[in-house]
Each structure stands twice: as C-alpha cells, then as structure tokens.
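Undergrad: Protein chains in written order, with our numbering: chain A, 2 to 177; chain B, -15 to 224; chain C, 975 to 1405.
The hints are simulated quantities; they were obtained by calculation from the structure and are not laboratory data.
None of the values given here were measured: they were computed from a predicted structure.
Backbone N, C-alpha and C define an ideal beta-carbon position, used for all residues, glycine too.
Be a bit skeptical, because a hint or two may be false.
EDC-like, lysine to aspartate or glutamate: derived pairs with alpha carbons at most 16 Å apart [unchecked claim]:
1. K1360/C with D1068/C
2. K1325/C with D1302/C
3. K1304/C with E1104/C
4. K171/B with D14/B
5. K143/B with E161/A
6. K1360/C with D1383/C
7. K1052/C with E145/A
8. K1052/C with D1383/C
9. K1069/C with D1383/C
10. K1052/C with D137/A
11. K1246/C with D137/A
12. K1304/C with E1318/C
Some chain A residues judged to face chain B by a derived CB distance under 7 Å, without partners named [stated by the list, open to error]:
13. G101
14. P144
15. P151
16. G159
17. E161
18. I164
Chain B regions said to be covered by chain C (calculated; three or more residues, Cβ under 8 Å) [to be verified]:
19. 8 to 19
20. 90 to 101
21. 110 to 124
22. 133 to 140
23. 178 to 186
For reference, the chains in residue letters:
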Amino acid sequence: MPDAAGLELIAQELNDAHPDSVLGTYHERGDACLIVEPGRVLDVLRWLRETPTQEYRFLASLHGVDYLPAEPRFGVIYELLNMPRVERLRVRAAVADPGGEELPSLPSAVGLFPTAEFQEREVYDFFGIDFEGHPDLRRILMPEDYVGWPQRRDFPMGGEPVIFTRDEPEVPRWYE
Amino acid sequence: MKREKLRGLAPLEQPRSPEVLRVRQLRARDMLRGDLEGVDLEQFVEESVMTTRFEKALNWGRANAMFPLTFGLACCGIEMMSIVSPRYDIARFGAEAMRASPRQADFIILSGRVSIKMAPVVRRLYDQMLEPKWAISMGACSSSGGMFANYAVVQGADKFMPVDIHVPGCPPRPEALIYGFNKLQRKILGSPDPGWRARYNAAGTEEWAHAEPEPTPEQLEAYAEAREMVARAPGGPAGA
Amino acid sequence: MSDGAITSGSAPAHGGDRLARTEAQVIGASPIERTAAGEALDLEHELMTINMGPHHPATHGVLRLLVSIQGEIVRDLKPVMGYVHTGIEKNCEDKAYWKVIPFVERMDYLSYHFNAQAFCGCVENLLELEVPARAQYLRVIHMELTRIQSHLIWLGTTALDLGAMSMFFYCFRDRDRVVDLFELSSGQRMHTRYFQVGGVIEDIPVGFADRVLDFCREFPSRVDQFEALLTQNEIFLNRTRGIGVVDKQRLLDLGVTGPLLRAGGEPWDLRKVAPYSSYEDFEFAIPVGTVGDGWDRYRVRVQELRESVRIIEQALEGLPEGPWIADDRKVVLPPRHELATSMEALIHHFKLVTEGFRVPPGEAYYAIESPRGELGCFVLADGSAKPARVHIRDPSFVNLQSLRDMCVDGYIADLIQNLAMLDPILGGIDR
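All chains should be built: construct the whole structure from the sequences, respecting the hints.
TA: Okay, structure coming up:
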C-alpha cells in the first residue's frame, strides 16, 4: 500500500499527466484509493500500469458498488496490485446515474486487463453499468432475459414471506 | 412400513449346523432325481420357495436397486458424493450406480440450491426420467429455499416439481441423506399412489422435446440484427 | 485470438434494446464461425456447436459450455454460468455482520473457512480489531485442514474424470477424516461458522490437538500412496503431460492466481508475500511448476497437501495460550458465565444479538490465498449494523477465463481434463 504521502504524489503526477482525471484520494486503515473521473479511467489505469515507478500490472478485482443515497451513485472499483512490491491500490471510478432509461457508462478495461472481461459483465449484470468497447457485454449470472439490475440498492430483495403454522390454514397453497 | 415386515421380505433363514445342511443337500439331490414324493415333496417346496404378491416383489426389487441421478448443484452435492464413499456406503442399499443420464435414472437427488436459471433445467430433467421416478430434495435450500430468501433462489423445489422426500440440514449429514433414502425405499415398498403429482402436471415422461414456441417480434428483430452483425463483421477475430 | 487487443470498431453495436441482450445477438457468432460462415464448407471441415451441461457428469457443478468443434478438435469455447447464482452478495446487505458469515461460507463451498476468513479479516480491518495469537493459530490450523480437504476432493473428482475411479474412494475416505476433525472442533462437518469477527467462536476441545497430530502423522503416507497410483502412471501421464499450457504472461493478464499460476512458473502465494493471520511464523515451501500443463498442476496441488501438513504440525506445536477471540465487548459476545454477574455484559450481549455491532463507515479489500487462488473480500460499511456492500472476488470466477485458452485447438477429452485441472467451484463462480 502506498502511504498517504505516496498516494498524494501519485494523484499529483496523474493530474499532471492527465489533467482533471483524479477527483480525490483517501487513505484509511492502510488502504489507498484514488477517486477518478469515469471517462478518464482508462488513462489512469494505463498510466498506473505503464509508468516505470508505478507498474500496477495486475488487476485483482473489478467490481461495482452502489453508494445510494450518496452522489455520484455508483462506483466501479479496480483493485490494482503491484506484484514485485506487493502493493495494492484501489481506483474508484465515480459513475453518476443518468436516470430514466439510460444506463451509466464508462470505457471498458478489457484492452488493458483481459481479466476484466467476465468481471465487467458481472457489473453490467448486477448494476446496469454499460462498458463501452467490451467485446461481449451481456448478462453473465442472471438469466439472459432477466429485467432489472439486482444488486442496486433500490432493487427489492425478493423471496417470499414466511408462512407460520398458525397462518397455514388460511393461506392458500399455490395449487389451489 | 414396520421393520418386521421389511425383514419378512428378506431371504429365508439359512440353516446353521452342518448336519441340517447335509440333510437338505441330500433331499435336494433326491428332488432333482425325482425321488421325493407326496408329503416330502410338498414340504420341500414349502421350505425353499417364497410366495408373495407380485406387486410386493416388484416393489422390493425397485426399492433395493435404485439408480440415482447424479445431480450435485452446490454444497449438498459434496455430501451426496460422500455417501458413495466407503464410510457412508450407499452401495449396501443398492444405490451406488449413479447414472448421469435421466433416461437411465430412477430418482433424482436435488442436492443444493435451485436458482431461477436452473429451475427449468431441473424440471426438464425430471420430465425426461422414465416412470416410476421419485425425487429427494436434499438440504434446506431445495426443500424451502433455505437461508436464501432472495430474488435468485426458488423457494423450494416443490414449487415446480413433485418431491417425495425432503431431507433437512445445511448440509445434511450423509447419514441423514441415507436415512432419507431409506424412507424413500419404505415409501416405495408401500406402493404409493403417484396421483398427487397431477398438480404439477408431472406424471409420465417427456419423450420428445417440445417444439420451441414461435419467436416474438422482438426476438425476430434481434435475430435479424445478429445476422447483419455477422455479415458486417471483418474477417479477423474481434477479440480474445 | 490476439493478446487482448480489442479495437472498438469491431465491438457489437450498442443500438437497440440495451436492457436485455439476448443470446441470439451475440452467442451464435463466435469469431471462428464469423470467418467461416461465408465460405462453402464441406462436411470434413464443418463446425458444430454442441452444448455441454449444465447437467453433465464431468463439469464440476452446473457449468454450461458451448463448444464449437471441428471433428474432435475444440475451436471455440464459451462458458455460460449462473445456474447456481444465489444472490448471496445482495442477501448479505440485509443481515447483521455476524449473520453474513454463514452466507459467505456457502459461496466457494469447498473452502468454507477461507470464505469466512476473508470476510472476517475484512471486517476486522474496518474495525481495526486485533485478533489474539491463539485465534490466529487456530484459524491457520482450520484453514490448512480445509485446504487439504479441498485438494482431496479435487484429486478424487479429477481422477474420476480421467478414469481412475478408485482414487475417488481413497480421497473421500481421507476427506472424511478431515471433516471429522471439524466436527470435533465445531460440531458441524461443512460450513462450520467457526470463524467469527475477532477470532474463533470457541476454543478447541480436549483431544483435538492429539487427533490432528495423528492425522498429520498418517497423512503423508497416504499422499505417497496417491502419488504411487497416479504420478508415474502411463495413462495419467499421457492424458496430462503437455495439455492445457497457457503461457505465464497470459495467465497474469487473465488474472489467474493460485495453483494454476504457480504451476505456470510464477511463485506467487499470498501466504508468503503478504502474510495474514500469523502465516509468517511458519516455515513452509511453495510448490512451483515449470511447464504449466495438467501434470504440473497436479504435482503442485499434491505437494501443497504435504506443505499444509507441515504448517498444521508447526501451528499445533507453537499454539499459544490465551483467548480465542478478541476482547472488545462492543463486537464480540461476552463469555456466558459473565451474563449472570455483570450488567454490562448482559447489555452488550443483548445489543450484539439483536442489532449486531456497528462498523464505522469505510471500505476495505482483504485478500487471502484460498485453495483456488486469491480470494478477496470487499466490504463497504456505512456505519450501521449491516454491511452496505459485500463482494467476494472469487478465484474460480476469474480463473475460468483461462479455460478457453487452455482448450482451443485441443481435443474434447483434453477439455475435460483442463476443466478438472482448473478446479472450478461453481458456488464461487456464481455466488
């Protein structure tokens, strides 16, 4: 984990190389995180991967988070790992929800990190975040014709209410 | 069924002492030669032949030679695999020949959570099994949805297919599953009436695949788009 | 199939209905078929797409594979997952933190203690809670026993797929011995709920250490017997040598970790490079392969069985005295006998059982080395008693992306072998 000063340095160098890409940083409990503009996330990832002093070449995890009710609503989190130095860095792309029928979108990282293929499909499947440039963006874990984005916070949990023994005689069975 | 009745269908008591055995041997030799007559012959037949109703014998044969369908869905599948293992040996009950094809299997052990994507597949497998067929729902998840009360798990396999025996547990111990299997055997020995499965429309076997329904207009449009995309695509591969 | 260079010009169009992309739109047109579609193919070179699964004896769980074959040679492969998707991550958002542990355990259902460790470690990071040394050692013992159990089941089912049926019985017999030990310590064979936030739920009983030592003393000879059956077996060698080789850089690009990566030649094991839960106290080696074929993967995992036994023996030897769970009463249940005498203990117990402990807002990612690779847990806490997001980075899910590279241009029989050597656990893939 780069320490707090190192993290600020990275953020500053990134903003020099790609202006206005880093929106903020935070460093707590040993974890370092860069908060990044969603349209620029590929530049950030490429910079972090190619720059000789950084070299975060391994994408350990790509996942989505719904921060409802905070704005911007979604975060797509890239857990980067520098294997020789064993340092982890988190890059959070703060994606806003455009609302209505339109899906939030950001560029796909499959070109840089082929491991992102299934993981971006999973984020699409569960949060409805569109990744531009993904070769095969469709649902991966839900049935193909499912409607809805299950892991969004406003999606209902589902299941059915528990029928207690005292209520059982009144509740009709499904076949009645 | 009571245990005594169960044992009553077992092979005859075998004689223990060598003298009795020798006497039986000599009498058998006489019978084969045609030397036994009258009362002796009648007594011989009584002692060596078991008589019962055809149905009982049929049920006994069915119960003791069952082929389970290998259907491990999730964690319960591991415990189901371990009933075949030497410690919890299900071979002593005649059911170690697990068949992968539903056409050859007698009963399906639903071991694990049934997700909404898998439910039609399970139902189709059950339909493809030949009569007589049974289903054991192993574990809490396939009996009632288990701990997963959410959008993705069918709250009990008996919402869409007939289940004969539910085995509780998360996962049930292999002994529990074997006990459930024994209960199924006893159920079969009692000649159960399968008419209750009518509410699932599950009696009988689906011999031929059903015709696919006519595509909806949206699907037709999607197919057309796909064809166009294939036609438009450049010659090389588009990605890894 | 170039090395991950995607040009946006050849991506599928994003017009039309965005909500549901059906199979028809994408799945039929695999790259090979696109090229071959226009040509007049004769019968010898016809491509056939067949469907394996989800109900199949050789896919390890409910995995569906769409395989495009030309004769017996696999030309393209598409895995379709989600047949055991349980919505665990969403369900966890509704439960108090300690209730999440049984949910998370059931993801990768052969390495349940690892799932629990990933989650508990993450929450402990968020709480900045210190786990006592005895609890760490007990966790290590249980985790390594789970690793042995997982590799035994892998070995049994892989050998079964390749035709060596008797290995299945031997491996399950030993697996039963491991699971007996779990039953001794926690009362449950699988999904023991033994790991809690702050330590382990209760101390090991008298006699547990002796039984584990008995097991450790006997187990290496069993591994010798397994190796004698398989390692130099001509049929096994013919089926696994040289099959399924993917080069190391491609594996790293695909995010593959665990025994697959180590068999490919990269000595990466989180227990060594980023030790957690007092793994730095133990001396053990990491088996690393050279070629990265099926035989190397088998050798790596079998050697890991032996190394795990070493770790368990060292842990038992050095097991420190002390509490088995942290002391913080705001997080950990007080011991039962205190409830009769102390009012604060009663109040803490009540609050913890009804509402659960609160975690200050923040997010954390915690990664451990499970039998299949890097198992990471991401928890977003919003200050309440329930997590706002739990995500498990499952190794099987990411490793499955390498299946295509392994199987293309090989035979179908090699596909079975590659899938077995990949050690996929569908509960982890589908979550």
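Undergrad: Compare the structure with the hints numbered earlier in the document and write down the numbers of the violated ones, lowest to highest.
TA: Numbers 4, 6, 9, 11, 13, 18, 19, 21, 23 - these are the hints that the structure violates, sorted from lowest upward.
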